[in-house]
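Protein sequence lines correspond, in order, to chains A and B. Under the working numbering, think of the first position of the first sequence as 1, with each following residue one higher. Under the working numbering, think of the first position of the second sequence as 186, with each following residue one higher.
I should point out that these hints are in silico values taken from the structure, not numbers from a laboratory. The reader is advised that the hints may include incorrect statements.
Only pairs whose alpha carbons sit at most 27 angstroms apart, straight line, appear in this in silico DSSO-like list of lysine-lysine [claimed, not checked]:
#1 Lys-60(A) to Lys-124(A)
#2 Lys-224(B) to Lys-124(A)
#3 Lys-226(B) to Lys-165(A)
#4 Lys-165(A) to Lys-344(B)
Fair warning: this is a prediction, and the values are worked out from it, not measured in the lab.
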Amino acid sequence: MKKIVLATALAALLPAAHAVEFNQVQPDKSAVSFVYKQMGVAVDGRFRKFSGQLAFDPAKPEAAKAAFDVDLASVDTGAPEGDQEVAGKPWFDTRAFPSARFVSGAVKPLGGNRYEVAGKLSIKGRTQDVIVPATFTAQGNAGVFDGTFTIRRADFSIGEGTWAKFDIVANDVQVKFRITAVPGK
Amino acid sequence: MTTRYTATAKTLHWAMAILIFGLLALGFYMHDLPLSPEKLKLYSWHKWAGVCAFLLVLVRLAWRAAHRPPPLPATMPAHLQFAAHAGHFLLYALMLAIPLSGWLMSSAKGFQTVWFGVLPIPDLVGKDKELGDLLQSVHMVLNLVFAIAIAGHIGAALKHHFIDRDDILTRMLPRH
Chain A
1 MKKIVLATAL AALLPAAHAV EFNQVQPDKS AVSFVYKQMG VAVDGRFRKF
51 SGQLAFDPAK PEAAKAAFDV DLASVDTGAP EGDQEVAGKP WFDTRAFPSA
101 RFVSGAVKPL GGNRYEVAGK LSIKGRTQDV IVPATFTAQG NAGVFDGTFT
151 IRRADFSIGE GTWAKFDIVA NDVQVKFRIT AVPGK
Chain B
186 MTTRYTATAK TLHWAMAILI FGLLALGFYM HDLPLSPEKL KLYSWHKWAG
236 VCAFLLVLVR LAWRAAHRPP PLPATMPAHL QFAAHAGHFL LYALMLAIPL
286 SGWLMSSAKG FQTVWFGVLP IPDLVGKDKE LGDLLQSVHM VLNLVFAIAI
336 AGHIGAALKH HFIDRDDILT RMLPRH
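If we strip away everything but chain B, and leave its shape as in the complex, we get (with noise of 0.2 angstroms):
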């Protein structure tokens, strides 16, 4: 069995990471902002990237279904190799449900997303504003434990390959 990943597994890896970091690094700052035509650019540019994420995530779950990823290492015991699986279960559910909030977040409070302006997304819910905030504190805490999950992942990599010396990170990289 390999123990590698595909380039096109790894493409999509880093392409994930850097829209992620993008897009959360953006979200936390913009909501803060004063009302400026700033901030309304700002907001578009996060729904727009919002949206290449999501598609992102399907593709490389599609990939993921006919690309079976590398098994992790046999010295792992078991209760790590769970917490691995359950980690990253945790990581895709959140790439899905966080555009998901977000997209209909904006329907609920009145604001269309339509992508790269040009193409519209139909809006599943309607106006409605207690929806609105409701939905808005759901993106919220799912990004803040996505925050917290990232760290993690990115821990564990770190752990994997300067504490247990393996070659979990590493297999992500390129040329490897």
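Next comes chain A alone, as it looks inside the complex (with noise of 0.2 angstroms):
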């Protein structure tokens, strides 16, 4: 009997034993960047500043949880005259709304490093289920998650007016993310 309890209460601990939370994000090595197509040409560009809450144990996967917030103002275009024209009313009115944000839901792990986070994208006032495909990778103490999904402009009202045809900007956007953490202490 002494030993079932023993196994039992050894078995509860293991897990924790191993369990490690990344909940520490790193801005410096993480990034937020886009690729658009311009005229059928691929154009990238990404944002400078973002900041988020994350808490990601490779244990337990579908506990996971992660919220975003990109300041939408800090656009890196390429160029400056696209900065500024992005930032204004047409595209993300970052006056009335300066940030995006991400707020994951379920989190389904699709075998070996890849899991599925199923979440809600908030911009320019208008927010969508989106689902991201996304991987993690243990680097030293940090945990590295990458990952791209596409979402449609018009689905937020980016590029309004005279861009809201997709002959020169089209409406896939396609978003990608390195996101790195280290565990709390």
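Given two chains presented individually in distinct reference frames, assemble the corresponding complex, making use of the accompanying hints.
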């Protein structure tokens, strides 16, 4: 009997001993970028500022949680006139809607180091359900999350008026991220 | 020795002339436009036409190497003959250098050139803001020199026609 209790206690303890929760995002080792097509030509850009909370334990991926805010005015389109334009009313309208927010919902392990994160993405006052595929890679004591998903800019009214047609700037925008996090103390 | 240009040489000359006037006008016009879908479209057209001009000048140089242009009139003084050759050399050099600088500038600014939206032209340089700004200045200065060289080219042709009264201008015309 004693042995069984001990074994049960050990079994209960073991996962806890292995559990590592990555929950401190390191912004300097993280990146949020995007790729879109301009007259058939892939053009990329990025956001300089974003912040987020993350809690991921590789032993309990289903319990993972993530919330990210991207400062839309920190956009880098590669050209100053582009940055200015995209911050304006027809695009992000950063005065009224300074940030984009992603909040995770269910996390589904797909096997190996691949996961599928369902979540809600809010930009410019509009919220859409998104499915974000992500991979997790341990790098030293840090965990690196990489992923790419595609949104349609029209779903968020990004690029209105003269930009609303997709002949010059395509509707599909690929969002890429690399989030590095370390376990909290 | 023949004093005539081949029909191909004339066609290439005038095709280039039309293309270059269009490219110069479009380039100086679009540069100052506020950002709009129209501006992005014009930039793409300018880049596509620039690739055409570059390919045409290669064809032209190949044709010229195989078919020597007619000699300048023997009545022309040596220093003017030299100036004519130097002027033509400068025009060809700019016809090569300007599209190259535009292509590299595009790459450095992070906008790959995709010919007619179909054929991607490789980026020889990566995205690099400072290099992009530098190449933009290079592209602009070369075009200013080009505009001056073209003005000189036209002025010289008119001088040949109206002052020297030789056939330098007319021999480049069709049906001559």
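27 angstroms limit on alpha-carbon distance, applied to hinted pair Lys-224(B) and Lys-124(A): 25 angstroms, holds
Below or equal to 27 angstroms on CA atoms is what counts here, so check Lys-60(A) against Lys-124(A). 33 angstroms, violated
Assess, step by step, whether the Cα of Lys-165(A) is no farther than 27 angstroms from the Cα of Lys-344(B), and give holds or violated. Roughly 52 angstroms separates the two Cα atoms, so the pair is violated.
Going straight from one Cα to the other, do Lys-226(B) and Lys-165(A) come out at no more than 27 angstroms? Holds. Lys-226(B) to Lys-165(A) sits at ~13 angstroms (cutoff 27 angstroms).
In summary, the structure is inconsistent with hints 1 and 4 from the numbered list given earlier, while agreeing with the others.
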